[in-house]
Amino acid sequence: MKKINSNTKCLLITATLVLMQLLGFAQTKLTDLKDGSINKALNYSYQIKKTIKYIEIDNINNKFTNIKPNSPGLYGQVLTKPDIVIDMEKISKICAKHISTKQLEILTVGTKYTGLRIIIRTDIYGNTLEIGFFTEQNSILTLNQLEKIENELMTTKLISMKPEILPLLEGSNFWQIRPKFYYEDLLKVKVEMEASKP
Amino acid sequence: MIEARSFFEDEVLSTMPSQPGPEGNKTPLWDQAKMVKISLGDALVVPIKYEKPQGIKAEGEKTFRDLQKSSYLLIYKDKNKNMQAEWVSLAPMGEKKNDKFVGIISVHEWNGKPKHAFAFNQNGNIALMQETNVFFRKASMRNSVLCYKVDYTYVDIRRDENGLYDVEVIGYTRTNCITIDDYNEPNYEDFEYNFGAVSGYNGIGPYEYSDKIDCAGFPGGTAIFSTECQQCIGGKTGIDKCPTDSLKKIMKPKNDCLTDPQNTMLNNTFNQYLYEGNNEYWKCLRNFIYKKIESSGIKIGVCLDPTITDNGAYRPSQKNILLPNEFTLSSSSLFGHEFFHVYQDAHYPGGTSQYSYTGNPNLEFEQALFKDIINGGFPTSAMGNGVSTQLQDEYETWIKSITNNFTIKPLQFSDLKGKYNYFLEQFYQNGPYNRRGAINYNLRPDALFSIFTNSNCNFEH
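If you read the sequences in order, they're chains A and B.
Just so we're aligned: 117 in my numbering is position 117 of the first sequence, and the numbers increase by one with no gaps anywhere.
Just so we're aligned: 257 in my numbering is position 257 of the second sequence, and the numbers increase by one with no gaps anywhere.
Hints are not guaranteed to be accurate.
Stated by the list, open to error - Listed next, the in silico EDC-like pairs over lysine to aspartate or glutamate satisfying Cα-Cα at most 16 angstroms (straight line): (1) A:Lys68 with A:Glu130; (2) B:Lys400 with A:Glu184; (3) B:Lys400 with A:Asp185.
Said to hold, decoys possible - Sample of chain A residues lacking proximity to chain B, with all beta carbon distances greater than 12 angstroms (derived): (4) Asp32; (5) Lys34; (6) Ile48; (7) Lys63; (8) Asn70; (9) Thr101; (10) Gln176; (11) Val189; (12) Glu192.
Claimed, not checked - Derived DEER-like restraints, expressed as beta-carbon distance ranges: (13) B:Ser414 with A:Met154: 19 to 27 angstroms; (14) A:Ile38 with B:Pro261: 43 to 51 angstroms; (15) A:Asn66 with B:Arg444: 36 to 44 angstroms; (16) B:Glu425 with A:Met154: 33 to 41 angstroms; (17) B:Thr307 with A:Val191: 52 to 60 angstroms; (18) A:Met193 with B:Asp42: 51 to 59 angstroms; (19) B:Arg444 with A:Ile67: 51 to 59 angstroms; (20) B:Thr307 with A:Lys162: 36 to 44 angstroms.
Worth flagging that the hints you see were computed from the coordinates, not collected in a lab.
A quick note: this is a predicted structure, and the numbers were derived from the prediction, not measured.
Think of the CB as a built atom: it goes at the ideal place given N, C-alpha and C, for glycine as much as any other residue.
Based on the sequences and whatever the hints tell you, model everything.
Quick look at the structure:
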């Protein structure tokens, strides 16, 4: 067998380390990402905003990340149920699908009311325009997981508006709905999903 | 009867001249007509004399029955108050069973054009067959055949070899044909004339089919048309009792700032507010709010005022709900918002006029907080679209905390865990209310506590 010389060995080690770093970066827990940084996941890059308590994650292709939603016809009122219907069950299942049981178990230990908030930006008809994320600063989720969740949410009908309220939404730049999915609830969904597998 | 006959002769005969089928010309026997009650109100049932005696039979039946004894003209007003004239024929099927009509009731316009038909099976199930279901129609001087194709579904429940239940939804299509043919055919069978039977197989079966189709249009439904409130109520309408009366009790005797159609619109909106949806918790709370307003003796007016710069306003000094346009008048959500302010006016000693400036944000925040608690915390009304996600998260976490994840209701100020004023301030700063009045730190959300304390409604999200 041909011996590998020391230069080749060095190159291989370097390449492996670079590859591991690239792959590992997207696998880095959200809690370890830096405020203001842009980080690549599987295909997309995400911008990170951090405060002491929270972390906000937005695809850099999102257009409305820093724009305040404005619906002049609502005069500051907020539409809630039953004017807006959000398919919480569907979103829960998508989230639970891409978060492991072990992660959910860790995320629910010793905490109350923690979870993943999905920022859904839609047009006035409820069609999803873009997705963002918001969660507690100490989250162990990764960007790769968020990208998978985003991809699936973008191809799913999530929101419907009661037709009667559409005139109130005329003139809106976009509509933003930010449901939170509590980890303890997601864990229950995950357990059910696992149990129903053939 | 005069009105019905005039309608028939002036409008039905003139616009839809009879095109005789095998039965020849049809003549209503007005002297034998009788008034009956159907689900839509009063109706006139008029026997028909046919120029050529005919028999009628449903598909699969061997014998014909006398068409003259099995059909009639029915004149009534539909739910839009339009007069209707229908030629109704009954074709029983199978053996006599427990006084239930089994067979087909077909409804035609007077000129012979099929309108729809209803098939009744032995279990009392009803299938509605509309003109789109007609797949075969033949009419000649000798006979006429009309066939409907109807999709049925039923649930088949059976046990497998392990004793476990297996449920299968099975769909199938079958046809229903009605034939009208010569009276003198050899297989004609006479039967007892019993034109006046309200229901039952004895004779010709139900002499009017509307008792099988309720006024909301549901076959087998139980909704009834209330002549008192001129509306279809009960059954699957979502309206349990005459809503007009409920509204009347809390309205000023003369609410002359709405037109008649707008008053009708208001009635509908109020119906929706009280009865809409399947959430019994909301309905229970809304009913409690209504009852409290009613018992307080407050009489409100509802007016359209295009000059208001909002989607609605309640003026406690005049006891008027102001809405800017007909669109907002038809929104039960917006009405519900203002109606809560009426409740506050009824609840707080001295009314809420005193809080028109200092305390105004309190009243608005109390309304939003109430909605957020009963809605299960999301989407939140108080911290909505425009506030930072962080503030929204803090607010939702607070609501979960003060309700112990929606298992208890806050009944006193200490139940709000010391954060009420903080979120009131956030609401004031971030909402549209910073341009209106000032916070009153002495005004606690007692109206909200009173609802949760006294309503006895159970959480349901």
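message = Range first: 51 to 59 angstroms. Now tell me if the beta carbons of Met193 of chain A and Asp42 of chain B are that far apart.
response = holds (58 angstroms)
Verdict on Thr101 of chain A as a residue remote from chain B, using beta-carbon distances over 12 angstroms = holds (22 angstroms)
ask   = Is it the case that Asn70 of chain A keeps its Cβ farther than 12 angstroms from each residue Cβ in chain B?
value = violated (8 angstroms)
Minimum Cβ distance from Lys63 of chain A to chain B greater than 12 angstroms, as the annotation requires = The assertion about Lys63 of chain A holds, with a minimum of 17 angstroms to chain B.
request  = Would you check whether the claim that Gln176 of chain A is not at the interface survives, using Cβ distances to chain B and the 12 angstroms cut-off?
outcome  = violated (5 angstroms)
key: Given pair status - Glu184 of chain A, Lys400 of chain B, alpha carbons within 16 angstroms   = holds (14 angstroms)
query = Are Ser414 of chain B and Met154 of chain A spaced within 19 to 27 angstroms by their CB atoms?
reply = violated (45 angstroms)
task = Take the C-alpha atoms of Lys68 of chain A and Glu130 of chain A, compute the straight-line distance between them, and say whether it is at most 16 angstroms.
result = Satisfied, since the Cα-Cα distance of roughly 14 angstroms is no more than 16 angstroms.
request  = Examine each Cβ of chain B, and state whether all of them lie more than 12 angstroms from the Cβ of Glu192 of chain A.
outcome  = holds (19 angstroms)
query = Between Lys400 of chain B and Asp185 of chain A, is the straight-line Cα distance small enough, at 16 angstroms or below?
reply = holds (14 angstroms)
task = State, for the Cβ atoms of Arg444 of chain B and Ile67 of chain A, whether the hinted interval 51 to 59 angstroms holds or is violated.
result = Given a distance of about 37 angstroms, which is not inside 51 to 59 angstroms, the answer is violated.
query = For Val189 of chain A, which was marked as not at the interface, is the minimum beta-carbon distance to chain B over 12 angstroms?
reply = holds (16 angstroms)
In summary, the numbered hints that this structure violates are 8, 10, 13, 14, 19, 20.
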